[in-house]
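2 protein chains.
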Amino acid sequence: MKRRDFLSSGMVAGIAAGAVPSAFAMENSKSEISREKLRLGFIGVGGRGRGLLRNALRLSGVQIYSICDIAEENLQNAQNLVKEAGQPVPKGYGKDKDSYKEMLEKEDLDGVVIGAPWKWQVPMAIAAMKAGVYAAHEVGPASSVDECWELVKTYEETGIPGMMLENYCYHKENMMVLNMIRQGLFGELIHCKCGYGHELRERLVLGKGTGPNPMSDSTKPVKGEGDYRSVHNQFRNGDLYPTHGVGPIAQFLDIQRGNRFLYLTSTATKARGLSKWSEENLPADHPRRNIRWRQGDIVTTTISCYNGESIIMTFDTRLPRPRTDMYLVQGTNGIWENDQKSVYIEGRSPKKNKWEPLKNYVQEFEHPLWRNYLSSGESSKSGHGGTDYLELRAFAESIRQGTNTPIDVYDTAAWRSIGPLSEASIAMGSHPVEFPDFTNGKWMTNKRIFGLTEKY
Amino acid sequence: MKRRDFLSSGMVAGIAAGAVPSAFAMENSKSEISREKLRLGFIGVGGRGRGLLRNALRLSGVQIYSICDIAEENLQNAQNLVKEAGQPVPKGYGKDKDSYKEMLEKEDLDGVVIGAPWKWQVPMAIAAMKAGVYAAHEVGPASSVDECWELVKTYEETGIPGMMLENYCYHKENMMVLNMIRQGLFGELIHCKCGYGHELRERLVLGKGTGPNPMSDSTKPVKGEGDYRSVHNQFRNGDLYPTHGVGPIAQFLDIQRGNRFLYLTSTATKARGLSKWSEENLPADHPRRNIRWRQGDIVTTTISCYNGESIIMTFDTRLPRPRTDMYLVQGTNGIWENDQKSVYIEGRSPKKNKWEPLKNYVQEFEHPLWRNYLSSGESSKSGHGGTDYLELRAFAESIRQGTNTPIDVYDTAAWRSIGPLSEASIAMGSHPVEFPDFTNGKWMTNKRIFGLTEKY
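These protein sequence lines are chains A and B, in that order.
Under the numbering used here, the final residue of the first sequence carries the number 456; numbering is consecutive throughout.
Under the numbering used here, the final residue of the second sequence carries the number 1456; numbering is consecutive throughout.
Because the hints were derived from the structure by calculation, they are not lab data.
Quick caveat: nothing in here was measured; it's all calculated off a predicted structure.
We put the beta carbon where it would ideally sit given N, CA and C, even for glycine.
A couple of the hints might just be wrong.
As the list claims (entries may be wrong) - Covered, in the sense of this in silico footprint (three residues per stretch, anywhere, with C-beta under 8 Å from a C-beta of chain A), are these stretches of chain B:
1) 1085–1096
2) 1188–1194
Stated by the list, open to error - Reference listing, derived: stretches of chain A covered by chain B, where coverage requires no fewer than 3 residues with Cβ under 8 Å from a Cβ of chain B:
3) 115–124
4) 240–254
5) 329–335
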């Protein structure tokens, strides 16, 4: 029985009116997913989707049941991965860009993992939730604020949770700092920084040739035409990759749970990096040499929070630079700085106002989830430092237990909305732009949902 | 003959109408300061002022001619320093807060060095310029935008230059980076960061007892009542110490000389640091324990420049933290980060997108002024890493040659105005606030004035 049919049968009548719909659904639907293995579908199995698939194949009690990708090569590669892992070959979809809807309709899935390009992630998640299927999706900026509202409303109407696969939230250091914050080492938090500093000029201009053609929704991949991020860099100007940075910070600050983003200002520099790279690296007649990139090279966004903290975000992928996440957390009692892997805790660090290595805190403050994971034997096999495995395990456990996910639609809406909100601020000369309250007031009483246990 | 009298004698008629009044004055006044030794006065010789005095005493061809301080102890200490250096004891002033005007009126000075608290620096400089005396003053925020205009107009009316003693502009690394920028290593500049990260809680709450009473203009210093910055932290909320950070950055970006600050947004966090420190360190009945500090703990300011660059500034003195200047410069061809003393230059650094130590560039790119200074024998004796000596030498040389100073009133106005402009933005919920063009259009054609030679 599909969860959608179960819901529509009236057994969870009144769910849309409930303050915590998913918890309500959970109580009533637990028995429903007691089959031997969870059935997961995948939509979008390019490079990133297949990375997630490899991790999902190591989850116990999970079957990869069907896969959709409009690129036949991607689909076959993914099906082969499943076969090689000893599971039955999953049914394939992908004859056109609406095939994912067909898959959601026809297959009896418990959850779907969406590794598709930015602009498809939220619409596909919404479609999955409407089909009664838990939706996990990759990270990116929202296309619009409305899209974020749609995601939230679909959750509240269907009771089907969504989860953003923000793997940076599961980083070992980030979870340890979360643990230190919750144990009070930093005192009252005041100020945070984060960002995405990752030089991507060649990929933004030329792509790697494995994704769909960025200039069209309908055609197959073409080498040498950029990847899907190219179009966004050509036509948009904002923080287009906010969630790696702001996700962990939002959890540090209890955003949507006693705190919220109030407003932001955003400032873009001129755009030079991609054009300069193209001039220096492409022949004069190359079709992608003279694109007029709208996206400023560096976008800086300042978020003001209800509880009086500020968050400074930097989006920086179009200039040469060493990689960085730019994390900084500063409270009344201490400060952490990730680039130098350093921390200072007043009254505990050995020298007044001098950094000490963060690793001095591992023994005492390693997050229980990571402590558990590192002793499991699984940790040596997972990609992305284990974070992909951990986030997918959390997703699968949420389905199995019928609960909300630990990075839910309210988190997703707030974090992804930074994309269009920063564009609005930049378009108006850095004018402050307010955040919608996607919880419609529930942030005042909502409780923490992330990093609460050693399990997920 | 005092410069003021010289000017009013009509020998430089038309000076106010000239595009470059100081250059005009220079030509006509050279002979006027050919006496054996330059005569410098000092106003404000607390801790900082005496530090400057010690450096000035090592300048060749300079006599410390008179000193003003309302604290008798400061005045006597300063006079003793001059005497110990083998110069005649300078005449002392300081019976009340207007004594500096009396000194400027009565003494035949060539220049005056102002080490007084923030709010006196610009008014005293204006008074000096009106008295025909070159004015060098310490750093701080403007009290108002109008004060900045007044400084500029006084210069344009009198032809007497002023100089802000922004010693961070003379830092060895900053001047080397300036040299690297001008030689094109970073490509076209895109983005800069800077800040003042310096934990000052005890000094802001209690002071060191050597400055004037912060709560009054007229009384003598009282121990245990904060220093002069306390009042600003109690009543203002903005970036109150912008120039150490933004000075070198403005020179990197040619601000006021082909470029200018267009507008800023500024965001303050809640204020917790000073109150928490007071609660934990002062007895319950201490008169300074329950001050309601208005100044947010962290103020972040984003400046947009005419040429499309952004500058991110942080003002951070009220929370525990290791010291930092937060400098970062990013261009189309490279990036410098001061906290890690690291640089990456594309096509030159050995590993793609990996930091290398900045010191790898010293041999080739040390600024000529520093190369010259390090070989002079003076460098082992100067305070603040030599920067105080270098800035005072530049000031004295400007007087001697009758030229504009290398950090002039237009620089001073733009840099110090960040104080009140950031307050305005914060007061309006981070609304963008435009910078006045203190040059009235001259920025379009003005030429560089700083770091041009090995001499000053």
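8 Å C-beta criterion, at least three residues: is the stretch 115–124 of chain A covered by chain B: With 0 residues closer than 8 Å to chain B, the stretch 115–124 of chain A misses the three-residue bar; violated.
Chain B over the stretch 240–254 of chain A, status - at least 3 residues with CB closer than 8 Å: That given contact is violated, which follows from only 0 residues of the stretch 240–254 of chain A lying within Cβ reach (below 8 Å) of chain B.
Stated coverage of the stretch 329–335 of chain A by chain B [criterion: 3+ residues, CB within 8 Å]: Holds, because 6 residues of the stretch 329–335 of chain A bring their Cβ atoms closer than 8 Å to Cβ atoms of chain B.
Under 8 Å between beta-carbons, do enough residues of the stretch 1085–1096 of chain B, three at least, approach chain A for the coverage claim to hold? It is violated: at least three residues are needed, and the stretch 1085–1096 of chain B offers just 0 whose Cβ sits closer than 8 Å to chain A.
The stretch 1188–1194 of chain B covered by chain A? Criterion: 3 or more residues, Cβ-Cβ distance below 8 Å. Since 3 is at least three, the answer is holds.
Against the hints set out earlier in the document, violations occur for numbers 1, 3 and 4.
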